[in-house]
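Peer 1: Residue numbers (the working numbering), protein chains in the order written: chain A, 2 to 76; chain B, -19 to 161.
Note that these hints are calculated values from the structure, not bench results.
Partial selection, computed: residues in chain A whose CB lies under 10 Å from chain B:
hint : residue
1    : ASN29
2    : ARG45
3    : GLU49
4    : LEU50
5    : ARG52
6    : GLN54
7    : ASN55
8    : ARG56
9    : ALA57
10   : ALA58
11   : VAL63
12   : ASN65
13   : LEU67
14   : ASN69
15   : LEU70
A virtual CB, placed ideally from N, CA and C, is assigned to each residue, including glycine.
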Amino acid sequence: MLVVRRRQGESLVIGEDVEVVILEAGPNRVKLGIMAPREVLVFRKELELTREQNRAAATADVLNVLGNLGVKRHV
Amino acid sequence: MPEATGDCRAHAEFPGARASGGGCAKSSGECQTRYFGVMEYSDDSIIRVPGGIPGFENEHEFILIDQPSHRPLVFFQSLHTPPLCFLALPVQSVDRSYQLRVSAEDLELLELDPSRQPKIGEEVMCLSFIASGEDHALSANLLSPIVINVRTRVALQAIQTECHYSHRHPLRAEEPEPVCS
Chain A
2 MLVVRRRQGE SLVIGEDVEV VILEAGPNRV KLGIMAPREV LVFRKELELT REQNRAAATA
62 DVLNVLGNLG VKRHV
Chain B
-19 MPEATGDCRA HAEFPGARAS GGGCAKSSGE CQTRYFGVME YSDDSIIRVP GGIPGFENEH
41 EFILIDQPSH RPLVFFQSLH TPPLCFLALP VQSVDRSYQL RVSAEDLELL ELDPSRQPKI
101 GEEVMCLSFI ASGEDHALSA NLLSPIVINV RTRVALQAIQ TECHYSHRHP LRAEEPEPVC
161 S
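Turn these sequences into a full structure, and let the hints guide you.
Peer 2: Rendered as structure tokens:
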């Protein structure tokens, strides 16, 4: 992983046309501004984790779930 | 594999929205489900998810199947896609002290007061999807619970920011989750 130290107001360029600006840096969080072409998807990591986990949940083995939860296997 | 059992009925178990398999519902329909064959539902038991959920953005209507014999597990069944059915647990049965933090923006989408957090069990129902990993270990997604406005039955998946909850909170095997009433 590339680690870069930046101050408020400074920025990073990724590839040809993505720029990330540090707008605010506080003790617990930073506020970023992202300039990117429309076709570049930008989203929080939590959204990606949620999407992956939803897909895993949609294919969960129901008998395994019921068995492990100690629920009667009526399904 | 599935066979419908006698006591099985699609309903949303929250105040003011009692679904009925009988004649008192205004309008009803039938739904092919993943695990319980064809089930009856009333229009007032449909949970609407206007934005869909991540990975399934085109799914906007679900019913909640709650069978006494399977509690506290509930089945979040797509109304229009029979094979799509999520297994879920109320968050408070996974973590008794679960602190819900829904963003003001999501609260507005849920048609709730954006200035405060809603009460789980009173204003909202809060469900955590269950997944099983490759090793068959079960986990509950506490990072992004499904939050349902019990009055309007509008729902969304509220991704919790600024929290320490895991998208794969381990559920211990061979130990029934406590049922909270």
